[in-house]
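**Student:** As given, the protein sequences belong to chains F and R, one line each in that order.
At position 459 of the first sequence the residue is numbered 459 (this note's numbering), and the sequence of numbers has no breaks.
Remember, this note's numbering sits 493 above the position in the second sequence when you count from 1.
Bear in mind the hints are in silico, worked out from the structure with no lab data behind them.
Mixed in with the good hints, there may be bad ones.
Just a sample of chain F residues kept apart from chain R, beta carbon distances all over 12 Å, derived [said to hold, decoys possible]:
| id | residue |
| --- | --- |
| 1 | F19 |
| 2 | E72 |
| 3 | L150 |
| 4 | Y170 |
| 5 | V204 |
| 6 | A213 |
| 7 | M353 |
| 8 | M376 |
| 9 | V416 |
| 10 | Y467 |
Simulated restraints, written as ranges between beta carbons of each label pair [what the hints assert, rightly or not]:
| id | chain 1 | residue 1 | chain 2 | residue 2 | range |
| --- | --- | --- | --- | --- | --- |
| 11 | R | D845 | F | L209 | 15 to 25 Å |
| 12 | F | T229 | R | F894 | 27 to 37 Å |
| 13 | F | L11 | R | L536 | 57 to 67 Å |
| 14 | F | Q196 | R | F936 | 51 to 61 Å |
Owing to the predicted nature of the structure, the values given are computational and were not obtained by experimental measurement.
Quick reminder that beta carbons are idealized off the backbone N, C-alpha and C, glycines included.
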Amino acid sequence: MNFPILSSLILLPIVGALFLFFTKDKEGNNLTAKYVALFTTVVNFLISIYLWISFDQSTSSFQFVEDRTWIEGFINYKVGVDGISILFIILTTFITPLCIISVNNSVKNRLRDFLIAILIMESFMIGVFCALDLVVFYLFFEAGLIPMFLIIGIWGGSRRVYSAFKFFLYTLLGSVLMLVAIISIYWITGTTDVVQLYEIGIDVKYQNLLWLAFFSSFAVKTPMWPVHTWLPDAHVEAPTAGSVLLAAILLKMAGYGFIRFSLGLFPVASEVFTPLIYTLSVIAIIFTSLIALMQEDMKKLIAYSSVAHMGFVTLGIFTLQQQGIEGSIIQMISHGLVSAALFLTVGVVYDRMHSRLISTYGGLVSVIPKYSILFMLFALASLGLPGTSGFIGEFLILMGAFKDNFLVAVIASIGVILGAAYILWLYKRVVFGKLINEDLKKMLDLNRSEYFILSSLAAPILFFGFYPDPLINTIEVSVTDLINTHNTNIASK
Amino acid sequence: MENLNLILPEIFISLSIMFLLILGVFKNDSSKITFNLSLFAILITTIITINETYAATRETLFNESVVIDNMSSLMKIITLIGGFLVLVISSTYLKTFKIYNIEYPVLILSSILGMMVMISSNDLIVFYMGLELQSLALYVLATYNRDELKSSEAGLKYFVLSALSSGLLLYGCSLVYGFSGSTNFDIISNQLNSEEYFLTFGIVFILVGLAFKISAVPFHMWAPDVYEGSPTTVTLFFTIVPKVAALTVFIRFLYVPFLNLIDQWQMIIVFLSIASMVFGAVAAIGQTNIKRLVAYSSIGHIGYTLAGLATASNEGIQSSIIYISIYVLMNLALFSCLLMLRRKDQYYEDIDDLSGLSKNHPLLSLCLLLILFSLAGIPPLAGFFAKFYVFKAVLEQSMYFLAIVGLLSTVIAAFYYLRIIKIMYFDKEKDKYDTDHSLWLKFSLSFSTILILFYFIFPSQLIEVVSRINII
Chain F
1 MNFPILSSLI LLPIVGALFL FFTKDKEGNN LTAKYVALFT TVVNFLISIY
51 LWISFDQSTS SFQFVEDRTW IEGFINYKVG VDGISILFII LTTFITPLCI
101 ISVNNSVKNR LRDFLIAILI MESFMIGVFC ALDLVVFYLF FEAGLIPMFL
151 IIGIWGGSRR VYSAFKFFLY TLLGSVLMLV AIISIYWITG TTDVVQLYEI
201 GIDVKYQNLL WLAFFSSFAV KTPMWPVHTW LPDAHVEAPT AGSVLLAAIL
251 LKMAGYGFIR FSLGLFPVAS EVFTPLIYTL SVIAIIFTSL IALMQEDMKK
301 LIAYSSVAHM GFVTLGIFTL QQQGIEGSII QMISHGLVSA ALFLTVGVVY
351 DRMHSRLIST YGGLVSVIPK YSILFMLFAL ASLGLPGTSG FIGEFLILMG
401 AFKDNFLVAV IASIGVILGA AYILWLYKRV VFGKLINEDL KKMLDLNRSE
451 YFILSSLAAP ILFFGFYPDP LINTIEVSVT DLINTHNTNI ASK
Chain R
494 MENLNLILPE IFISLSIMFL LILGVFKNDS SKITFNLSLF AILITTIITI
544 NETYAATRET LFNESVVIDN MSSLMKIITL IGGFLVLVIS STYLKTFKIY
594 NIEYPVLILS SILGMMVMIS SNDLIVFYMG LELQSLALYV LATYNRDELK
644 SSEAGLKYFV LSALSSGLLL YGCSLVYGFS GSTNFDIISN QLNSEEYFLT
694 FGIVFILVGL AFKISAVPFH MWAPDVYEGS PTTVTLFFTI VPKVAALTVF
744 IRFLYVPFLN LIDQWQMIIV FLSIASMVFG AVAAIGQTNI KRLVAYSSIG
794 HIGYTLAGLA TASNEGIQSS IIYISIYVLM NLALFSCLLM LRRKDQYYED
844 IDDLSGLSKN HPLLSLCLLL ILFSLAGIPP LAGFFAKFYV FKAVLEQSMY
894 FLAIVGLLST VIAAFYYLRI IKIMYFDKEK DKYDTDHSLW LKFSLSFSTI
944 LILFYFIFPS QLIEVVSRIN II
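Looking at chain F on its own, in the form it has when it is part of the complex (with noise of 0.2 Å):
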């Protein structure tokens, strides 16, 4: 048995949680507990880094295997990764390590909680982009609901209570019925490990009510047009480091769910439901997006522009075309940097002027220029301007989506047209035009670390942009094996 790596990975930032657990607590800021916090989640990083390079491309079976014995014939411990995976587990080491640094000025109470909190968020994430078991998976994909909630309405704004129960409740809701369809998929074929189920195959019959039941779950975290009312609420509530992990990391475990699970394991009703998720996706980008149009907050208008965003992965994902779903993981991925670096610019500014209001800004490009061309990037790549990475993924997914439904994809090409608008005229407001607001005349250009954050974040989305072969390279054969794997499941039925 070779070093458990994913294992190191999951339990890595529990062990450095428990460490700040027993530390004390001071008042203030609490360099001591962000230097372990900070130092546990960049060796983790580094670990799915050599993860990553030790990671054999040429194969679409699962590698680093683990698989132990848990609940006596029944469930077992087993965790692996595969093309589609590792890219998720890799963006979310490197997304908390940068949560951590921003820290600084967004949380002023109760630090070393906030961290631990951050530190068991990662570990129940990594643990689910590498369960191989249903139940696994479950228990990691419900678990992360406790810090998330925590977070929330610990440090969050004024109306956190009842974001985070809201956030709770329509996640729970949704993932109960998971449950359910886990448990029966378990007396159907006798196993929840994922891997043999691929073999095994569900009966035909059973597949379309457990595709819904998984749906219910996925759809909620999702979030699809209409569940999606929890998202704007909590992105608003949480501080910022909450909210770029929310929108960076806990929006991909549905997108990712869809591929694994409900692509993977019910291709027949996968097909017989694309017509559902397309209107749902369809609605989801362009009503979305016109709702992100009208926001006067900025922090609602990325969350609904996420809503869109995660509209179009939907849409790649079912159109079940290799570069659909290769795009939708790209976008994701690309999701995953850019509305983090998005939530960062607006707490940059929300640390100094404690405001979310699109009005009270305008002019900031005279004041602080730096900031204003990392949120120009950022405001383009979001967009999907060609030399960003936004670009890759939703290319791909348009070119998969006109292979499968013209009518789609050319409604979806308005909502990229709808994408631009709000978030160029956003730009606008916020950093061009006439300097009204006195006070944003003291504003500081960015610190040392928001600069450092901010420019990792662009450099990955740039360089991604430009050449995206690594990440091609890394999904390419898993996706293709997917394909195959889901055509001539369709053909023998």
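Dock chain R against the given chain F, drawing on the hints supplied.
**Tutor:** Frame of chain F; chain R shown alone:
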């Protein structure tokens, strides 16, 4: 000659009760020594139970009216450990209210004795005797703080309603006897004729009586008032120990004499289960007193336990037993927290008293947080696994409606648990509480919280113990 070793635990505990009574009468200021001796007695009884009966295969005594098997010994052990822990953490509370008397441990011991008789019973009369012994002790315990108006009210209410339900139960027993010709469970099961209408009536009456004892909806009305009025430690006792015993009797009733009549009772159990789950979840939302809230939450939890029973399978029974064991653990932990809310000899039991607890008592509120999430059934805590096993068993029988309603009611229930967490973590802090708790209280809280938190690492152990219980 009967093998009396098998009922040695009962014999020992009855002798201890008599001895303690005599000691209490003849020795002045004997409350402390009675307390310690009764703890000792429970401990020894537990050891005897483990030694004498744990490994035993199914054996019967006294014309098959008493049965010793895996289930009875496991449930007795749970009962005894529960009773021990309740007794051990009550002393500070009782001293505060100046009711630290010899009667308290003696009453608890006698109700435990009653429960042990119930658990082992294989005969309607033996069962009824055990039930009455435990009930009578519980009536007195409910009014134990007799200078409190609420406590007396609780005891009276409990007495009147419980007597009514005992009456129904007895009526049901007599009907069953009349139509089967015997009071012995095994004989009844052979004599049953499912054509007989009145037999169904008998079963329904018995089920009503038992449902009352475990406070399943719609026979739950007494629970909130009694739980609120009784002294907190007695409430703790009410919420855990009698339920274990009543559940065992429930299992034995349904699955030994009446297994063949499953069509008649399965719907009733499903109804009780669904009603309890939904009602427990909905009614708890508006509560402001923690003890009342616990009452409703325990009604909900009983609903989940019954869901396992409704499946008519060994897996279902085992999952119910796992559920009740984890439930006992969680309630013990919850009440340990509640008993720590003490400031200058006064106990606080309103939800608002928890306000901002996390700032003054971070460790206590962290424990309470974990316990509440566990009660809500959020993974990876023990409470999740309890629900998971139950629904696994329920879905094996393809009872989708029951499973979906149950899981949806966990979402509703999550709301009121979250509300407490919200008050603890998001609200403004109040004055600090005292921190000079007894060692036992700290022990029981940390012990149970650690078990709840780390249950997921070794979930197989409990399953292994329970999987030896095969009733059908």
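**Student:** Evaluate each hint against the coordinates.
**Tutor:** These are the hints, each one checked on the structure:
For F19 of chain F, the shortest C-beta to C-beta distance to chain R comes to about 16 Å, beyond the 12 Å cut-off, and the non-interface label holds. E72 of chain F, annotated as away from the interface, has a beta carbon of chain R within 12 Å; the closest lies near 5 Å. Distance check for L150 of chain F against chain R: the nearest CB is about 7 Å away, which does not clear 12 Å, and the non-interface claim fails. Here Y170 of chain F does not stay apart from chain R, with its beta-carbon only about 9 Å from theirs, under the 12 Å limit.
With a least CB separation of 18 Å from chain R, V204 of chain F remains clear of the 12 Å interface cut-off, as annotated. With a closest Cβ-Cβ approach of about 9 Å to chain R, A213 of chain F is found to fall inside the 12 Å limit, against its non-interface label. Interface exclusion of M353 of chain F from chain R stands, the closest Cβ pair being 25 Å apart, more than 12 Å. Under the 12 Å C-beta cut-off, the non-interface status given to M376 of chain F relative to chain R holds; the minimum distance is some 37 Å.
No beta-carbon of chain R comes within 12 Å of the beta-carbon of V416 of chain F; the shortest separation is about 37 Å. The non-interface label for Y467 of chain F is consistent with chain R: the shortest C-beta to C-beta separation is roughly 40 Å, beyond 12 Å. Evaluation of the 15 to 25 Å hint for D845 of chain R and L209 of chain F yields a failure: the beta carbon distance comes to about 44 Å. Look at T229 of chain F against F894 of chain R: about 28 Å separates their beta carbons, and that is inside 27 to 37 Å.
Taking the beta carbon of each, L11 of chain F and L536 of chain R are about 38 Å apart, not inside 57 to 67 Å as hinted. About 44 Å separates the C-beta atoms of Q196 of chain F and F936 of chain R, a value inconsistent with the hinted range of 51 to 61 Å.
Of the numbered hints given earlier, the model fails hints 2, 3, 4, 6, 11, 13, 14; all others are met.
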